[in-house]
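**Q** Below, each chain spelled out in residue letters.
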Amino acid sequence: MLKNYLKIAFKVFLRRKFFTFISLFAISFTLVVLMVAVSFLDHVFGAQPPETKLDRTIGVFHLQMKSPDDNNTWSSPGGYKFFDRYARNLPGVEIMSLLTDTFDGGKVYSYLDGNKIESYLKHTDGEFWRIMEFTFLEGGPFTSDDEKNANFVAVINEATRKKFFDGQSALGRTLEVDGQRFRVVGVVANVPYLRTIPFADIWVPISTMKTQAYKNQLLGGFNALFLARSKADFPMIKEEFQSRLKQVEFDDPKEYNRMIGYAETLFEFMSRPLTNSRQEEPAKVGRALATIFIIMILFMLLPAINLVNINISRIMERASEIGVRKAFGASSWTLVGQFIVENVLLSLIGGAIGFVLSRFVLRAITESGFFPYADFQLNYRVFLYGLAVAVFFGLMSGVYPAWKMSRLHPADALKGVAR
Amino acid sequence: MIKHLLKLVWNRKRINFLITVEIFFSFLVVFAVLVFAVYYTDNYRQPLGFNYENVWSVTLDMKSASTPGSRESDKQQQFATIKNMLAGLREFSEVESAAGIWGIPYWSGDWTGDREINGKGKDFEIGFNEATDEVKDVLGLNIVRGRWFGKEDDGATNYRPVVINQLMARTFFGDEDPIGKDISNPKDKERVEQRVIGVVDDFRKGGEFSAKRGYVFHRNDLASEKVSPPRSLIIKVRPGVTAAFEEKILARLQAEARDWSFDIKPLAQMREANFQEYLVPMAAFGLIAGFLLIMVGLGLTGVLWQSVTQRTKEIGLRRAKGATRRRIYRQILGELFIITTIGLLAGVLVVVQFPLLNFMGFANSRVYAISAAISLALVYLLTTICGLYPSRLATRVQPAEALHYE
Numbered sequence: 001m002l003k004n005y006l007k008i009a010f011k012v013f014l015r016r017k018f019f020t021f022i023s024l025f026a027i028s029f030t031l032v033v034l035m036v037a038v039s040f041l042d043h044v045f046g047a048q049p050p051e052t053k054l055d056r057t058i059g060v061f062h063l064q065m066k067s068p069d070d071n072n073t074w075s076s077p078g079g080y081k082f083f084d085r086y087a088r089n090l091p092g093v094e095i096m097s098l099l100t101d102t103f104d105g106g107k108v109y110s111y112l113d114g115n116k117i118e119s120y121l122k123h124t125d126g127e128f129w130r131i132m133e134f135t136f137l138e139g140g141p142f143t144s145d146d147e148k149n150a151n152f153v154a155v156i157n158e159a160t161r162k163k164f165f166d167g168q169s170a171l172g173r174t175l176e177v178d179g180q181r182f183r184v185v186g187v188v189a190n191v192p193y194l195r196t197i198p199f200a201d202i203w204v205p206i207s208t209m210k211t212q213a214y215k216n217q218l219l220g221g222f223n224a225l226f227l228a229r230s231k232a233d234f235p236m237i238k239e240e241f242q243s244r245l246k247q248v249e250f251d252d253p254k255e256y257n258r259m260i261g262y263a264e265t266l267f268e269f270m271s272r273p274l275t276n277s278r279q280e281e282p283a284k285v286g287r288a289l290a291t292i293f294i295i296m297i298l299f300m301l302l303p304a305i306n307l308v309n310i311n312i313s314r315i316m317e318r319a320s321e322i323g324v325r326k327a328f329g330a331s332s333w334t335l336v337g338q339f340i341v342e343n344v345l346l347s348l349i350g351g352a353i354g355f356v357l358s359r360f361v362l363r364a365i366t367e368s369g370f371f372p373y374a375d376f377q378l379n380y381r382v383f384l385y386g387l388a389v390a391v392f393f394g395l396m397s398g399v400y401p402a403w404k405m406s407r408l409h410p411a412d413a414l415k416g417v418a419r
Numbered sequence: 420m421i422k423h424l425l426k427l428v429w430n431r432k433r434i435n436f437l438i439t440v441e442i443f444f445s446f447l448v449v450f451a452v453l454v455f456a457v458y459y460t461d462n463y464r465q466p467l468g469f470n471y472e473n474v475w476s477v478t479l480d481m482k483s484a485s486t487p488g489s490r491e492s493d494k495q496q497q498f499a500t501i502k503n504m505l506a507g508l509r510e511f512s513e514v515e516s517a518a519g520i521w522g523i524p525y526w527s528g529d530w531t532g533d534r535e536i537n538g539k540g541k542d543f544e545i546g547f548n549e550a551t552d553e554v555k556d557v558l559g560l561n562i563v564r565g566r567w568f569g570k571e572d573d574g575a576t577n578y579r580p581v582v583i584n585q586l587m588a589r590t591f592f593g594d595e596d597p598i599g600k601d602i603s604n605p606k607d608k609e610r611v612e613q614r615v616i617g618v619v620d621d622f623r624k625g626g627e628f629s630a631k632r633g634y635v636f637h638r639n640d641l642a643s644e645k646v647s648p649p650r651s652l653i654i655k656v657r658p659g660v661t662a663a664f665e666e667k668i669l670a671r672l673q674a675e676a677r678d679w680s681f682d683i684k685p686l687a688q689m690r691e692a693n694f695q696e697y698l699v700p701m702a703a704f705g706l707i708a709g710f711l712l713i714m715v716g717l718g719l720t721g722v723l724w725q726s727v728t729q730r731t732k733e734i735g736l737r738r739a740k741g742a743t744r745r746r747i748y749r750q751i752l753g754e755l756f757i758i759t760t761i762g763l764l765a766g767v768l769v770v771v772q773f774p775l776l777n778f779m780g781f782a783n784s785r786v787y788a789i790s791a792a793i794s795l796a797l798v799y800l801l802t803t804i805c806g807l808y809p810s811r812l813a814t815r816v817q818p819a820e821a822l823h824y825e
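So the protein lines, in turn, are chains A and B. With my numbering, letter number 260 in the first sequence gets 260, and the count goes up by one each step, no holes. With my numbering, letter number 391 in the second sequence gets 810, and the count goes up by one each step, no holes.
If you're looking for bench data, these hints aren't it; they were derived computationally from the structure. Take the hints with a grain of salt, since some may be wrong.
Computed list of lysine to any residue pairs in SDA-like fashion (alpha-carbon distance at most 20 Å, straight line) [unchecked claim]:
| id | chain 1 | residue 1 | chain 2 | residue 2 |
| --- | --- | --- | --- | --- |
| 1 | B | Lys-608 | B | Asp-678 |
| 2 | A | Lys-148 | A | Asp-84 |
| 3 | A | Lys-107 | B | Ala-663 |
| 4 | B | Lys-684 | A | Lys-66 |
| 5 | A | Lys-107 | B | Leu-669 |
| 6 | A | Lys-210 | B | Leu-669 |
| 7 | A | Lys-107 | B | Trp-526 |
| 8 | B | Lys-667 | A | Gly-114 |
| 9 | A | Lys-231 | A | Pro-49 |
| 10 | B | Lys-667 | A | Leu-112 |
| 11 | A | Lys-210 | B | Arg-671 |
| 12 | A | Lys-66 | B | Lys-608 |
| 13 | B | Lys-684 | A | Ser-110 |
| 14 | A | Lys-210 | B | Gly-532 |
| 15 | B | Lys-684 | B | Phe-694 |
| 16 | B | Lys-494 | A | Gln-212 |
| 17 | B | Lys-732 | A | Ala-411 |
| 18 | A | Lys-215 | A | Thr-265 |
FRET-style restraints, in silico, Cβ to Cβ [as the list claims (entries may be wrong)]:
| id | chain 1 | residue 1 | chain 2 | residue 2 | range |
| --- | --- | --- | --- | --- | --- |
| 19 | B | Arg-433 | A | Asn-4 | 28 to 36 Å |
| 20 | B | Val-699 | A | Thr-174 | 31 to 39 Å |
| 21 | A | Pro-372 | B | Asp-678 | 26 to 34 Å |
| 22 | B | Phe-781 | A | Phe-250 | 37 to 45 Å |
| 23 | A | Arg-88 | B | Pro-605 | 23 to 31 Å |
| 24 | A | Asp-145 | B | Ala-506 | 19 to 27 Å |
Predicted model only: the values in this text are computed from it and were never measured. Ideal Cβ placement from N, Cα and C applies to all residues, glycine included.
Excised from the complex, chain A in its bound form (with noise of 0.2 Å):
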């Protein structure tokens, strides 16, 4: 029976080739636009390495600080001074560690032979290559020893392997950026710039910053990041820091004594310009993630009415079929049968190729070298959500006139009556 009905879909389809063309590229354009949208939340939000332990890990990117009279306010991501004295041991945390946000201030540049190369400098600690999983392409991280005696150590990408020794070995060699001398210790993978806690092409210890102003700083370019134990941790990291932030003791009380900001996950920070809210209230998630939800239902809304329009003609047109079959004693819900497993064929050819084209286009992106180091990766779990979508709708907007025609009067549907 199933054999019979994907039969006639087929001699269907391609009876109307102009109607199926039309159905065809509706779904998989909208699954292509889903699934770029998706594949880069994804690709900025998802755990994938290095930062493989993203559910277990908070940090705190932001802190303000506020005048007496509430006039002023100072904001920035954190200090130095300010972690290390005040938000070290907090109870459910594993691991700490402190990195300097490198989109600020952290770009740095060499010259070789003449030429100019630009490269992207971290400051960090140990502790960061025991929170992220660095793929290494040879040698190995620094240590804490290597943070605290200011060892001139560095770990480089793949990339500045390439730039500065030509893909060579680099172990054990050194590079000049910024006027400094670094020993080449470990050559890690690319990581994405979109990837912005571990993102860099150049690590280094934080001891062996130029100056050592920033061990005196409550603000600076630092962010702190907390390898929880488990994710029913967080509320308690969270309740903690907050009660830490009353304890801090300020240089010049007169000037600043209030300081404000929240442990949270990455996604919680970002998604604050979205929910307008402002730095002095948690994130609200739910309302972000809300909102990313209604744009793409309302996105999906054209190309669903468009589906379902085309639908309706398709059966319409097929009025004096279904009263043949109906004259020759075909039950309603037999009909109906038949039109299902025909949108449902419809649908899942569409999402095939969807699925090519979303490839395509996201190979495409990942090439264009727009985000260095990109890697946009398909999510099949998001692709498998969007093809349910369109089989949903396929069904909706099938269903419903087939259900109609089916109960027409054979004699009417035979004349194609159907209105």
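Using the hints, position chain B against chain A.
**A** Chain B only, in chain A's frame:
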């Protein structure tokens, strides 16, 4: 005629309703993308107010404790270092002039304030900058009234000299001569006179796509306690100087301050990055909207085609009663026109609310009006194109063939 067409449309209300909804959403999508496109095009055509060619920027990272209002002795030390750097740079034969400035063009950081327009109770956004005397030469600012900062301002102790742009002058002083007027903020607690000494035609720091706004330059004399060290140096190099010169600049600057870091970049390069920031999202959304329209267009053609086939009888009857091909053609297109108009009317009703609700508030009503007009034209064009083939099809219906049905 119209009344008759309306009746025909009403007779097939279910399918026509779906088409109307589709047209309504298409209009909204086209409008949303066009508001951005029109807004940016509009900005692009305004004068920029400075010249970016052969200008290089050097952003300074002084690695100091960097508390705002840091200790006065530190600051004087930094001023001295920067003065030495500027003098050193001017010694190069490749350099035409060099200056210090707080915010370089195309940099995303900004310094803004709201100022109430005299007695009108409306806030006006102003951009601020702090510039040394040579900035005018380096950036090729165009003075339209008065003069730029110079040595003669050294004696100004009880007031601060400022240079404003034309928009600011016009907004605050209308046709009056702004020179010598005070623009300090009445809300400031310790109010110091800010005396206008000159007017530049404009300075759109955000680049070609940024909005026009009021602008105020303060003078940075690299000495007084009221100003802070400039964030960046800008250098006008002679035409034909290549990137290899950067290394020489860097060596010279590093010699003055061992522990500072420098970020050297031609403005042309920053301009390119700035363009990409605006154009890439625009192109992506434009592409998606374009595909959506194609999809809608194809769907509409399909539906119309189907409805013409279905109405063979009706059309055949009209032909048999003497209607010409031309009249059939006009009937099909007329019906489509009415459906489109209903969808668009709903769309316009929604769009009219945007300025009132301050949704997409960056654009002014002129931009809204132009975008709405273009969107209307585009959607009408789309539906007309979609209707052409099906209505041609309708004219080919033979009366005999149609009547043969019964």
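**Q** Against this structure, judge whether each hint is valid.
**A** Hints, one by one, checked against the model:
no. : hint                                : verdict
1   : B:Lys-608 <-> B:Asp-678             : violated, 38 Å
2   : A:Lys-148 <-> A:Asp-84              : holds, 13 Å
3   : A:Lys-107 <-> B:Ala-663             : holds, 19 Å
4   : B:Lys-684 <-> A:Lys-66              : violated, 35 Å
5   : A:Lys-107 <-> B:Leu-669             : holds, 15 Å
6   : A:Lys-210 <-> B:Leu-669             : holds, 16 Å
7   : A:Lys-107 <-> B:Trp-526             : holds, 15 Å
8   : B:Lys-667 <-> A:Gly-114             : holds, 10 Å
9   : A:Lys-231 <-> A:Pro-49              : holds, 19 Å
10  : B:Lys-667 <-> A:Leu-112             : holds, 13 Å
11  : A:Lys-210 <-> B:Arg-671             : holds, 18 Å
12  : A:Lys-66 <-> B:Lys-608              : holds, 19 Å
13  : B:Lys-684 <-> A:Ser-110             : holds, 14 Å
14  : A:Lys-210 <-> B:Gly-532             : violated, 35 Å
15  : B:Lys-684 <-> B:Phe-694             : holds, 16 Å
16  : B:Lys-494 <-> A:Gln-212             : holds, 18 Å
17  : B:Lys-732 <-> A:Ala-411             : holds, 18 Å
18  : A:Lys-215 <-> A:Thr-265             : violated, 25 Å
19  : B:Arg-433 <-> A:Asn-4: 28 to 36 Å   : holds, 31 Å
20  : B:Val-699 <-> A:Thr-174: 31 to 39 Å : holds, 38 Å
21  : A:Pro-372 <-> B:Asp-678: 26 to 34 Å : holds, 29 Å
22  : B:Phe-781 <-> A:Phe-250: 37 to 45 Å : holds, 38 Å
23  : A:Arg-88 <-> B:Pro-605: 23 to 31 Å  : violated, 48 Å
24  : A:Asp-145 <-> B:Ala-506: 19 to 27 Å : violated, 45 Å
In this structure, the earlier hints numbered 1, 4, 14, 18, 23 and 24 are contradicted, and the remaining ones agree with it.
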